[in-house]
Amino acid sequence: MQVIVTVIGTDKVGIIAQVTTKLAELNVNILDVSQTIMQGAFTMMLLAKLPEGAEFGAVKGDLQALGQEIGVDIKIARQEIFDAMHKL
Amino acid sequence: METNQIKETIQMIAEENLDIRTVTMGISLLDCVTGDIQKTAVNVYNKITTKAKQLVPVANAISSEYGIPIVNKRISVTPIAMLAGADPHPDFLPLAKAMDDAAKAVEVDLIGGFSATVQNGCTPADLALMAQIPAALAATDRVCASVNIGSTRSGLNMDAVKQMGQVVKNIAAIDPKLAMKLVIFCNAVEDNPFMAGAFWGVSEGDVAINTGVSGPGVVQRAIANQPEASFEVICETIKQTAFKVSRMGQFVGKVAAERLGVPFNIVDLSLAPTPAQGDSVAEILETLGLSHVGTPGTTAALALLNDAVKKGGIMAAERVGGLSGAFIPVSEDANMIKAAEAGHITLEKLEAMTAVCSVGLDMIAVPGETPATTISGMIADEAAIGMINNKTTAVRVIPVPGKDVGDAIEFGGLFGSAPIMAVNTGDASVFVNRGGHIPAPIHSFKN
Chain A
24 MQVIVTVIGT DKVGIIAQVT TKLAELNVNI LDVSQTIMQG AFTMMLLAKL PEGAEFGAVK
84 GDLQALGQEI GVDIKIARQE IFDAMHKL
Chain B
650 METNQIKETI QMIAEENLDI RTVTMGISLL DCVTGDIQKT AVNVYNKITT KAKQLVPVAN
710 AISSEYGIPI VNKRISVTPI AMLAGADPHP DFLPLAKAMD DAAKAVEVDL IGGFSATVQN
770 GCTPADLALM AQIPAALAAT DRVCASVNIG STRSGLNMDA VKQMGQVVKN IAAIDPKLAM
830 KLVIFCNAVE DNPFMAGAFW GVSEGDVAIN TGVSGPGVVQ RAIANQPEAS FEVICETIKQ
890 TAFKVSRMGQ FVGKVAAERL GVPFNIVDLS LAPTPAQGDS VAEILETLGL SHVGTPGTTA
950 ALALLNDAVK KGGIMAAERV GGLSGAFIPV SEDANMIKAA EAGHITLEKL EAMTAVCSVG
1010 LDMIAVPGET PATTISGMIA DEAAIGMINN KTTAVRVIPV PGKDVGDAIE FGGLFGSAPI
1070 MAVNTGDASV FVNRGGHIPA PIHSFKN
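Chains as they are written, first to last, in the working numbering: chain A, 24 to 111; chain B, 650 to 1096.
Just so you know, not all the hints are guaranteed correct.
Stated by the list, open to error - Calculated cross-link-like contacts (lysine-lysine; reagent style DSS-like; alpha-carbon spacing at most 30 Å):
(1) 110(A) x 903(B)
(2) 888(B) x 826(B)
(3) 888(B) x 98(A)
(4) 45(A) x 72(A)
(5) 45(A) x 83(A)
(6) 110(A) x 83(A)
(7) 98(A) x 688(B)
(8) 987(B) x 110(A)
(9) 903(B) x 72(A)
(10) 72(A) x 987(B)
(11) 110(A) x 959(B)
(12) 826(B) x 656(B)
(13) 960(B) x 888(B)
(14) 83(A) x 903(B)
(15) 98(A) x 903(B)
(16) 656(B) x 110(A)
(17) 110(A) x 702(B)
(18) 35(A) x 656(B)
(19) 83(A) x 1040(B)
(20) 45(A) x 98(A)
(21) 1040(B) x 960(B)
(22) 656(B) x 83(A)
(23) 656(B) x 45(A)
(24) 72(A) x 110(A)
Please keep in mind that the hints were generated in silico from the structure rather than gathered at the bench. Note that the coordinates shown come from a computational prediction; the quantities given were computed from them, not determined experimentally.
All chains, please: the whole structure from these sequences, using the hints.
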């Protein structure tokens, strides 16, 4: 299952490290990354692949908990919905 | 990875209130008919709780996995008047109770279909059901009722129009809030997923999924970004936005149907407001350049909005159905409430607006003293607009006992609050009491 992970928050040291470390712990493979600072806000998007048999809800819960811990907003959604809206 | 598109989708959901307004499961109850209402009620409960058992869990899982809110999970069923079978004196209250119990068991918020379709005439069962609507709504929490009293092909059943004016008054006498669960239609559609007017028509299949999308905030923001644009550009912007919003409905409906193992039926391309800030259809009209909704120009603005939404949405979905248009309920739209409170919009202007949009005089509170015949007159006017213009129209008015213009009624939650609006004090009783049928208009004879 491919997912889009978005991370938005105030820029500070170590956001990418902490998020990607957590994804590695969860055995989530990162396929593509984009990261910018927009008007001071840290914005990162990751295209990633969940391991076979992974439970979406558990991964989501773990990422949201990490987001709270480090003070950024982490969202995860299955990738198909973005294609559905924008691609013919 | 298309980061701009991802960002746009997330912004639409997080900031502009884009959501799937409803995933509605249509369930045919025709195979529940036994001729004995008590046995039929057991069958109704069993069929609904079996077919819809996974509806809410599946919708919640989709919402979590794809990050799109699904606000309402609902069920529509075969018009209950058709379940009387051979019973010559049907009592429909056990069926209302079975619907309510089933809705609670599967945790859907509303169930629609305590309904009758009487555009050509009333069977004894239809008459019994219509008379029992007040008691059924009072005895249940989640049941919604509707009656179709006319159509372009059939004309208007004025006897039913007369009776329904009294039914509305009878409901309000019990509790005016119950009146928001009754819709009186002309040209009702059989696959409408939106409440309170949803029922599952007899020409539909056994079970299917329908979705209703919503995104007034998304459309409003897109227009607000182009303050100087011409009408062509505005219409194009609305079409593109409606396309994206409708794709969500198509996608979610398809996934839900697959997981539930039932066919996916239709997407209803509607702009449905809520009282939340930034979720208002009236605000879209104001953003187009009107100082407030109700200003001259409002009907034209609504017409272009309604048409552009359909044009954009129709290519986004495999099958489009339901009501598909902008809703203009007064109590469920923050800017509509403001305009009504300030006297900027009147019943007459709302009636004009219903000629170009879906659906009708919706969620309008009127003085408690309003006679039943006046409410019947309002139903007849609205139905005439639908009949002549080949479109669905409806009336959902709420006479509030003991209250008059200047007062308000609070419905709570998504239903909002409504200021009591002034009603023309003329007398329609002689007209309404004539009885009989207004024949179908000449343009209905197409064969």
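Going down the list of hints, with the structure as the test:
1. 110(A) x 903(B): Given that 30 Å is the threshold and the Cα spacing comes to 16 Å, the pair holds.
2. 888(B) x 826(B): violated (36 Å)
3. 888(B) x 98(A): holds (28 Å)
4. 45(A) x 72(A): Since the Cα atoms of residue 45(A) and residue 72(A) sit roughly 14 Å apart, the hinted pair holds (cutoff 30 Å).
5. 45(A) x 83(A): holds (11 Å)
6. 110(A) x 83(A): Holds - the C-alpha atoms of residue 83(A) and residue 110(A) are around 25 Å apart, at most 30 Å.
7. 98(A) x 688(B): violated (49 Å)
8. 987(B) x 110(A): Given that 30 Å is the threshold and the Cα spacing comes to 39 Å, the pair is violated.
9. 903(B) x 72(A): holds (23 Å)
10. 72(A) x 987(B): violated (48 Å)
11. 110(A) x 959(B): holds (19 Å)
12. 826(B) x 656(B): Not OK: residue 826(B) and residue 656(B) at ~41 Å, beyond 30 Å, violated.
13. 960(B) x 888(B): holds (6 Å)
14. 83(A) x 903(B): Between residue 83(A) and residue 903(B) the Cα gap is close to 23 Å, so the pair holds against 30 Å.
15. 98(A) x 903(B): holds (23 Å)
16. 656(B) x 110(A): It holds: about 15 Å lies between the C-alpha atoms, which stays within 30 Å.
17. 110(A) x 702(B): The hint is violated at about 33 Å.
18. 35(A) x 656(B): Between residue 35(A) and residue 656(B) the Cα gap is close to 21 Å, so the pair holds against 30 Å.
19. 83(A) x 1040(B): Violated - the C-alpha atoms of residue 1040(B) and residue 83(A) are around 45 Å apart, more than 30 Å.
20. 45(A) x 98(A): holds (14 Å)
21. 1040(B) x 960(B): holds (17 Å)
22. 656(B) x 83(A): holds (19 Å)
23. 656(B) x 45(A): Given that 30 Å is the threshold and the Cα spacing comes to 23 Å, the pair holds.
24. 72(A) x 110(A): holds (20 Å)
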